[in-house]
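Colleague: One-letter residues, chain by chain:
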Amino acid sequence: MKKLQKAATSLSRRKFIVGTAAAGGGLALGFNLPALIDAGIGEAQAQTAAGTEVNAWVVVKPDSTCVIRIARSEMGQGTLTGLAQLVAEELECDWKKVATETIEPGANIARKRVWGDTATGGSRGIRGSQDYVRRGGAAARMMMLQAAAERWKVPVGELTVSNGMVAHAASGRSTSYGRLASAAAKLTPPDPKSIKLKDPKEWKIAGKPIKRLDTAAKLNGSKIYAIDLKLPGMLHAAVKASPVHGGKLASYDEAKVSGMPGVRRVVKVNDGAVAVVADTWWRAKTALDALPIVWDEGTAAIQSSATIAERLKEGLTATGAYAGRNEGDALKAIEGAAKKVEAVYSTPFLSHATMEPMNCTAKVTADKVEVWVATQNADASLAAATEEAGLKLAQGEVHRHDLGGGFGRRGGTQDYTRQAVAIAKQFPGVPVKLIWSREEDQAHDFYRPISQCKLAAGLDESGKLVGLHVRLSGQSINAWLNPPAAKGGNDERQLQGWWKAPGDAQLGYTVPNLLIEYAMRNTHVPVGPWRGVNTNQNGVYMECFIEEVAQAAGKDSLEFRRALMGSHPKHLAVLNAAAEKGNWGKPLPSGVHRGIAQFMGYGSYSAAVAEVSVSGRGELKVHRMVLALDCGHAVNPDQIAAQVEGSVAYGLSATFYGECTVEKGRMVELNFHNYPILRLAEMPHVETVIVPSYDFWGGVGEPTICVVAPAVLNALFAATGKPVRSLPLKNVKLA
Amino acid sequence: MAKLNINGKVRDVEVEAGTPLLWVIREQVGLTGTKYGCGVAQCGACSVHINGEVKRSCSIPISEIKPADRIVTIEGLSADSSHPVQRAWAALDVPQCGYCQSGQIMAATALLKKKPKPTDADIDEAMTNICRCGTYQRIREAVHHAAGLAKRKAQA
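Listed in order, the protein sequences are those of chains A and B.
FYI, in our numbering the residues of the first sequence are 1 to 735.
FYI, in our numbering the residues of the second sequence are 1 to 156.
Just so you know, not all the hints are guaranteed correct.
Unchecked claim - Partial pick of chain A residues on the chain B-facing surface, computed with a CB cut under 7 Å:
1. 75
2. 211
3. 218
4. 649
5. 674
6. 697
None of these hints come from the bench; they were simulated from the model.
All residues carry an ideal CB built from backbone N, CA and C; glycine is no exception.
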């Protein structure tokens, strides 16, 4: 009886592990055995299609297929494959028999967060979970070996394991993970602390440029993104929020559209938006476009790019700024310097423009809310959905879809998930899929914050930098999304990359007198993280200004930087690697010029060399870019190169074209005709140099983007003799 | 009512005349490999072949499609992802998020049909679809690679 009960319990637990959230089981991080199979019926049933859960990270099927659980979101950055490589490496399974399964947040909460964090941002997917996923793989391997040792009654030390096969050389016996899994699952897992992880030098699967696991369905149209979901009886919604951020819905005239084909109803979406719900999305959108809507635009309707620029400009010289770093006396040192250099830079608001527009499908009943959504933060999706539905966390379920682009847009805010639930709530029991038009997506982003930066430097007679003063004025992401961290304007995050502390986004230069200040100047425009976040703007300000200072000192760009980097060997090593591969100082074809930049962000060190030319008509061409990266451990060099290439494209789009302007309180650039994106013909040849030092774990998705714009702008400076201080380049005459 | 030949199969669809082909493909026919990205023929995520030419289906009203027009979507490119372009995309691990790749592949197959051995300039001119992940460098390599695969196939 006891046995039967236990088997039944484990079966129900299995059910929710694979996705259906059932109430259940408290298990501690990483190594709990759900005691799945106790005997008889349990074993027979649990070993069918689903396989045996050896521990939270590893499920083994009878044919030795290892299903590796993935808690982080896949949005193109390759984290799914990288995490699977790390687990498989320790597990010693057959890579050809690896499958993956994404963890849903309800199950994670029910199992006391056995899978750790599901949030995927800040380039933390791998570095933030590598330790516990590797231990999970290693623990499963140790249990497989133990199970074989017990079965054969031989010491575990006499066994070897490779490709999911355990062997005992002395007796000539061998068996597979598929045959050992159910016995292994019954064993007491090893103490995680006792597990010795492999030295990366021994890696056979991790550290190798192996192919992604998730490519096949992206080649034939079979991959189901959230926007592609079909559910029986589903309705479709198109939404419009107040074009002026913060505005309210005053009224709308439903009668004008209620007779249009397929239209079910027009619904209010909280205070600030209206949606048409129809039997197809195109019909919903067509009716929405025809719907007369009156907005109460509120006070922000008088704002424009010009008023915002004025406010930021005031912040460049205002008193009361937050001094993030104040070492020595920078103002005095610059004042008394033999030579002074001064410049004011600026960068605009930018939208993310993921290729898959925001969308979410929701189904709400009296006691349950389900959402199907592409999310970088499944926990935030669950919280948003349940809160909007007025239900408890345990009454929510999030079905995760891989993202058609994230870049920071699909993180904690989950505004589109809230909207979908607010709409679906008005159609109880009916799934409603909300899709934003591209125009809505451009109008209602959480934009990369706008800023201006005034920099001043002092050089002594020998051309040595004696003082640096940086005054940043601009909008704070924390003030919008996490106000306590921006209290009083003391927002460290906006100074990302200028930090003194090592490890994450440390300034790589040593300057005897240094003052780094931030004047918080917020606007009504929502802001949020955008691939690379503040390293983008600060990378331009720091590295373009350092270039101006180097030129004023009459020094070579590389040598001037090197002289400031003696105390920062990792920054320097990466700069040197980029310079070497980028042939710094070597001759170039006529008309081609080089620029260089370095920066640290997301725990990794980056540097770039760009080669550009400017035609007689003022057309800029970026021919080649070399990017060097030290991300500590390189889990999949080919996917790191893919991320570096991607960061160049994303960074160059911003450099050339990216700009969201504001008129009458609303965003002006609403589609790709006036928010152009880099195209293939403009893509330079990118060479990636990975400089792994294997003594830390850094990020990959974001770090290199911050050196793309400054390397290109510095090359442009070399080409024209004039520094560009305001982005994007589409507004700058180059000839 | 419109008669559509999609991937070799003729279907009747009941839809307003102004409905873009993209949304007919996605919502009436139910093939979702063809993507919505911009709705204004800027990004190319909705690219399909009509009589062998690559077209941006988001901006073609269904009323402009004739019953004789042969429409091919990503799902109809090959039965088993064996088209040289699909194989080349796999060989070079082109996709990141993958959302734009149906359109990229449709653009590349149309290019190779016209120019079996395209130059970089040909690729620059033909491959104008937007990819936000920035897979352009691999797309270029994969188009060249696919040209090689197709040539080998032809010689075999």
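Colleague: Now look at each hint and say whether the structure bears it out.
Modeller: We went through each hint and held it up to the structure:
no.: 1; hint: 75; verdict: 6 Å, holds
no.: 2; hint: 211; verdict: 5 Å, holds
no.: 3; hint: 218; verdict: 3 Å, holds
no.: 4; hint: 649; verdict: 3 Å, holds
no.: 5; hint: 674; verdict: 10 Å, violated
no.: 6; hint: 697; verdict: 22 Å, violated
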